[in-house]
Amino acid sequence: MKKLLQRLPLLAFVLLAYSCEEQEDGSYVPPITRYELIHGTWKLQAIKMSDELAKANKTKPDEITLTKEFNFTSFVIALNADSLSGEIKPTTFEVTGNAPALFATSGYWDMDTPYARADGKPSKILLFADEAKTQLLDELELTTVPGKDVVLEFRLVRYTEGNPYLSYTYRLRPQSK
Amino acid sequence: MKRFILYTLLILGSALYAQKPIAEIWTQPAFFRPDDTVAFYFDLTGTDLEGTTEDVYMWSWYPTEPDAGNWNNSSDFAKLIHVEGNIWKFVIVPTQYYGVPADQITAFYGLLKNKNGTKQTDAFAPDKGNTIFVPSDAVIKGSARIDYFPKEWKADRPLSILVNTNNTWSDCETSAVQGKLATATNVHIHAGINNWAVVVENNPTNAAKTALTDLGGGIWRIDFIPKDYFNSGNTKINSIHAVFANLDWSLMGKDANCADFYIAAPEEPEVIPPVFTIFPQKFSKKDIIYLSRENNEAGVTGLTYTITAAGVSDLTGSFKGTTAKFEAFIDLATWLKSVQTVSKIHLLVKDNKNNVIVDSDINLVQ
Chain A
1 MKKLLQRLPL LAFVLLAYSC EEQEDGSYVP PITRYELIHG TWKLQAIKMS
51 DELAKANKTK PDEITLTKEF NFTSFVIALN ADSLSGEIKP TTFEVTGNAP
101 ALFATSGYWD MDTPYARADG KPSKILLFAD EAKTQLLDEL ELTTVPGKDV
151 VLEFRLVRYT EGNPYLSYTY RLRPQSK
Chain B
1001 MKRFILYTLL ILGSALYAQK PIAEIWTQPA FFRPDDTVAF YFDLTGTDLE
1051 GTTEDVYMWS WYPTEPDAGN WNNSSDFAKL IHVEGNIWKF VIVPTQYYGV
1101 PADQITAFYG LLKNKNGTKQ TDAFAPDKGN TIFVPSDAVI KGSARIDYFP
1151 KEWKADRPLS ILVNTNNTWS DCETSAVQGK LATATNVHIH AGINNWAVVV
1201 ENNPTNAAKT ALTDLGGGIW RIDFIPKDYF NSGNTKINSI HAVFANLDWS
1251 LMGKDANCAD FYIAAPEEPE VIPPVFTIFP QKFSKKDIIY LSRENNEAGV
1301 TGLTYTITAA GVSDLTGSFK GTTAKFEAFI DLATWLKSVQ TVSKIHLLVK
1351 DNKNNVIVDS DINLVQ
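Protein chains in written order, with my numbering: chain A, 1 to 177; chain B, 1001 to 1366.
Because the hints were derived from the structure by calculation, they are not lab data.
The hints are all genuine.
On the chain B side, residues computed to face chain A include the following (Cβ under 7 Å):
id, residue
1, Q1281
2, D1331
3, A1333
4, T1334
These numbers were taken from a predicted model, which means no experiment stands behind them.
Glycine included, each C-beta is placed from N, C-alpha and C at the ideal position.
The task is simple: from the sequences and hints, build the whole structure.
Here it is as structure tokens:
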């Protein structure tokens, strides 16, 4: 106990020294946008079709894999972008291959928000017919954002009277050059 | 490496040209001897000869090869008789057809073909598990009182029941004795199905129907198709009970302990009803749909679909798979791309026997 009391002033000094250290915070770096993460050319790895009514009612079958049907593995989508003063901006998109066209195959793309949504819902890739991005063709829900595992996954959801009845989940990886 | 390629090609080739099995084979009568007249029946459903309008010929190589050398031009003597639908029969006296004595005939191997050999069925032979055997009388010649053929009998196919009157029991009301029925000049069957629920009596009115044929040595035989014999209609036959007697019942033949004879129907595999699925439950003209049919009936070897919609030509195709499950993926999006609006499609699905499986309109989500 006596020893400890002898050492207390030393401990106090060390703590004081650390509290005076200046932190190097670096310059401001803007957060990475979805555009940066998802732009590029993506090739289909897998696709499944989900019966949203069956899922809601917990009946089977509720999912069917389509990957091996209709040349779906030939599906490639290019989400093109411009880099203006270091900032990635979405431009055109184009679908190639001979898989069935379940959504628009060319036009212009954007996102409903460049960042993750605050409400936790998936952000959407918006597909437009025109460069001014006024004529919306289709929406793709972004369900997996490329990260450490470079996988892009989106859902094409069909609605009737505001309720989903069918969806297609596309799972893609960067097309090898 | 060359050998590997050769084997691969052989395996691929045999897979591509694999013949389709004969759906069902039976004989009339079910019990016969090689020097009896017998009809071999073949159901060609699902084979390349299904629905053929050509003549059908026997190509047999065991016990001998009667039409050897004539694959490209089968002989008339090998021609089958058309019964109905895909059922054909081949009526022969085996000893005459194969030209060998009865004791050298124990089984028959072969296949069926058209005259020039461009179409054929898979074989009936040991490696296919569907050899036609000469039924053995060894059991009934021994200590057995009755025997029956085939063991896996069906209500709507020929059944042969044999009785050895030397071994049956008589005088059951007083002091039972064995073998008395062997002294009878005629033997009849008094029989009922499902624990005697429906009975065909041994009486003078039924004399012809209930009479057995004398095979010699105290062994008698009767052949009938149970469903017809008992006029059972749609009632499932679970069992047959029988006693034997001469026409005036003065001599009887019963089982051990004077019991009635009892023949149980073979265990039938549980029939699981077919299930047709359209996936998903709702879809639009821009979608893909999946159709499947599981637990198809025996003999259903293929399904086809025809989909119609206003403004486009019909979309047709075949299902993939086997009798256990057939499935088809259909791309409506590409097919209906040129149509601006379409409110419904019509789906027609048929099996290989031309039975209609589905014939209905399906509304599309707009």
